[in-house]
Amino acid sequence: MSECNISIIVNGEQHELTVEPRTLLVSALRDELGYTGANVGCETGRCGACTVRENSKTIKSCTRLAVQADGSEIETVEGIADNGDLTTLQEQFQEQHGLQCGYCTPGMLMTADTFLRENDDPTREEIREAIEGNLCRCTGYQNIVDAIEATADQLGGQR
Amino acid sequence: MYTNDFEYYRADSVDDALTLLSDHAGAELVAGAHGLLPRMKTGDESPPALVDIGQLRGLDMIEEDDDGTDLSIGALATHAEIADSETVRQRASVLADAAAELGDPQVRNGGTIGGNLAHGDARSDPPAALLALDGSLEVRGLDDKRTIDATDLFEGPFETAVADDEIVTGIRIPTIDDAVSGYRKRRDPLSGYALVGVGVWLRTDGETIEEARVAVTGATTTPARLPAVEDELEGEAITEDTITAASAKAGITVDDGAFVSDVQASAEYREHLLTIDTERALYDVIDISQ
Ligand SMILES: Cc1cc2nc3c(=O)[nH]c(=O)nc-3n(C[C@@H](O)[C@H](O)[C@H](O)COP(=O)(O)OP(=O)(O)OC[C@H]3O[C@@H](n4cnc5c(N)ncnc54)[C@H](O)[C@@H]3O)c2cc1C
Ligand code: FES
Ligand code: FES
Numbered sequence: 001m002s003e004c005n006i007s008i009i010v011n012g013e014q015h016e017l018t019v020e021p022r023t024l025l026v027s028a029l030r031d032e033l034g035y036t037g038a039n040v041g042c043e044t045g046r047c048g049a050c051t052v053r054e055n056s057k058t059i060k061s062c063t064r065l066a067v068q069a070d071g072s073e074i075e076t077v078e079g080i081a082d083n084g085d086l087t088t089l090q091e092q093f094q095e096q097h098g099l100q101c102g103y104c105t106p107g108m109l110m111t112a113d114t115f116l117r118e119n120d121d122p123t124r125e126e127i128r129e130a131i132e133g134n135l136c137r138c139t140g141y142q143n144i145v146d147a148i149e150a151t152a153d154q155l156g157g158q159r
Numbered sequence: 001m002y003t004n005d006f007e008y009y010r011a012d013s014v015d016d017a018l019t020l021l022s023d024h025a026g027a028e029l030v031a032g033a034h035g036l037l038p039r040m041k042t043g044d045e046s047p048p049a050l051v052d053i054g055q056l057r058g059l060d061m062i063e064e065d066d067d068g069t070d071l072s073i074g075a076l077a078t079h080a081e082i083a084d085s086e087t088v089r090q091r092a093s094v095l096a097d098a099a100a101e102l103g104d105p106q107v108r109n110g111g112t113i114g115g116n117l118a119h120g121d122a123r124s125d126p127p128a129a130l131l132a133l134d135g136s137l138e139v140r141g142l143d144d145k146r147t148i149d150a151t152d153l154f155e156g157p158f159e160t161a162v163a164d165d166e167i168v169t170g171i172r173i174p175t176i177d178d179a180v181s182g183y184r185k186r187r188d189p190l191s192g193y194a195l196v197g198v199g200v201w202l203r204t205d206g207e208t209i210e211e212a213r214v215a216v217t218g219a220t221t222t223p224a225r226l227p228a229v230e231d232e233l234e235g236e237a238i239t240e241d242t243i244t245a246a247s248a249k250a251g252i253t254v255d256d257g258a259f260v261s262d263v264q265a266s267a268e269y270r271e272h273l274l275t276i277d278t279e280r281a282l283y284d285v286i287d288i289s290q
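From first to last, the protein sequence lines are chains Z and C.
Numbering of the first sequence is given in the UniProt record's numbering, commencing with residue 1 and proceeding in unit increments.
Numbering of the second sequence is given in the UniProt record's numbering, commencing with residue 1 and proceeding in unit increments.
Rather than coming from a laboratory, the hints here were simulated on the basis of the structure.
Be aware that one or more of the hints could be misleading.
As the list claims (entries may be wrong) - If you want a taste of the chain Z side facing chain C, the calculated C-beta under 10 angstroms gives, among others: (1) 16; (2) 17; (3) 20; (4) 21; (5) 44; (6) 68; (7) 99; (8) 103; (9) 115; (10) 133.
The beta carbon of each residue, even a glycine, is placed where N, CA and C say it ideally should be.
So here's chain Z without its partners, still in its complex pose (with noise of 0.2 angstroms):
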């Protein structure tokens, strides 16, 4: 069994650590570190309930080696309330009713966090295809929709 040290910024604090090559990010994340933000669901790459941000760029934990993100920065749910108040966004989701189990629900966050970074005045169809690769088995899709829009609503391109 071979062993790598990695390096990776998580949430803008630096871990150094020992892993198999053969850990994904998403277990290095959770059993490692103690982000458990990201939930494991699929394991394929199909659910989204392991999206983090990579260098400001969204993907799917369970499709990463850890090793490959060495050097690399990543964001995670836990990351992106400021200083513990909830931001717009999870406000929303809270208001609107964007989750029932909430399994997706970090998933969901982190997607359409970064989507809303790209577009501030987004329409459902729009918002519909951002969230394409996160499943939620729960609530329809609707509230989730209108909470990300209630956000770009709220927030008023001011982002």
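Fit chain C with the ligands to the known structure of chain Z by using the hints.
Structure of chain C with the ligands alone, referenced to chain Z:
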């Protein structure tokens, strides 16, 4: 879900990667891991070592030649970068379409064009675009470099002409001004890959189709051009009759037994869909106004 154990090496240049490949028997390259890792998880592949080229600099550029005749795209350009590139949209829209239709936003950030083409997954979208554009791969080995034409690339399911000890450094696409192209995808509802994907490229003078290239992915065991459709289009006036006649030839171009049959669609149904989607792909790119 853990894969089998393997050794991991990160290359710091193309030469370094080639040396690592030759030093470690059975080693495989990894770029985005979006083709390889799913297959390692299911045990379909179990390389003893991976050579990571994902972080190499300078292999992700998208640029036009000085005289504007060729488009070069680095092997590490991601699907998202290609889908968002204004240059690709203008010069080779079939490739921009294929990249934009691939997977979902996260997958498009994760996977690379070089990895996609080297992987040889017959359900992939970019192969139909590369074939329709008559593009080629730039490939390097330890002692030489060569070019692989799109038509020679796809040899079988997960088999391509890229050798185990070679690296795809980029793709090259000839472009001309009076060409139109586009990609039409019918998604497999389960996997999101192409159940049928058709790439078309046409050069016209506004009235007559002077040159045509039409390619299929997803429906057949390897992505392929459809010469019977192309022959039927070339030299003909741009009319509904031309499109109908050409699309009707879509199935006959494909060898017996080459249509994929699985739980999603029988070979017969895929052949039927190919005819319909060829017709739609042609209507997508040409304007019939009479
Ligand atoms: C959930 C999900 C959905 C997807 N949906 C689609 C889809 O709808 N359509 C589609 O077309 N694809 C789809 N894909 C696959 C696509 O994302 C990948 O880009 C592609 O198959 C592989 O690219 P990669 O960079 O990840 O390559 P890797 O997985 O890193 O490598 C794939 C293979 O190519 C070799 N390789 C990689 N780079 C090079 C190189 N430069 N030179 C030589 N060999 C190389 C590797 O050794 C390996 O054998 C999907 C993937 C996932 C996980
Ligand atoms: S757990 Fe990563 S996509 Fe489902
Ligand atoms: S809230 Fe349960 S999966 Fe989305």
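- For the hint on residue 44 of chain Z, just tell me whether its beta-carbon gets within less than 10 angstroms of chain C. Because about 6 angstroms separates residue 44 of chain Z from the closest Cβ in chain C, which is inside the 10 angstroms limit, the hint holds.
- Does residue 115 of chain Z meet its interface restraint, that is, does its C-beta lie within less than 10 angstroms of any C-beta in chain C? 8 angstroms, holds
- Message: Does the closest beta carbon of chain C sit nearer than 10 angstroms to the beta carbon of residue 99 of chain Z?
- Response: This hint is violated: residue 99 of chain Z lies away from chain C, its Cβ roughly 19 angstroms from the closest one there, beyond 10 angstroms.
- Is the shortest C-beta separation between residue 17 of chain Z and chain C less than 10 angstroms? 14 angstroms, violated
- Message: Hint residue 103 of chain Z vs chain C: min CB-CB distance below 10 angstroms?
- Response: 17 angstroms, violated
- Would you check whether residue 20 of chain Z satisfies its interface hint, that is, whether its CB is within less than 10 angstroms of any CB in chain C? Holds, about 7 angstroms.
- Task: Would you settle whether the hint for residue 16 of chain Z is holds or violated, based on the nearest Cβ-Cβ distance to chain C being less than 10 angstroms?
- Result: With Cβ-Cβ at 16 angstroms, over 10 angstroms, it is violated.
- Query: With a cut-off of 10 angstroms, does the beta carbon of residue 68 of chain Z approach a beta carbon of chain C closely enough for the hint to hold?
  - Reply: 6 angstroms, holds
- Message: Given residue 133 of chain Z as an interface hint, is its Cβ closer than 10 angstroms to any Cβ of chain C?
- Response: Nearest chain C Cβ about 3 angstroms off; hint holds.
- Item | Interface hint compliance - residue 21 of chain Z to chain C, C-beta minimum distance less than 10 angstroms | 4 angstroms, holds
In summary, the structure is inconsistent with hints 1, 2, 7, 8 from the numbered list given earlier, while agreeing with the others.
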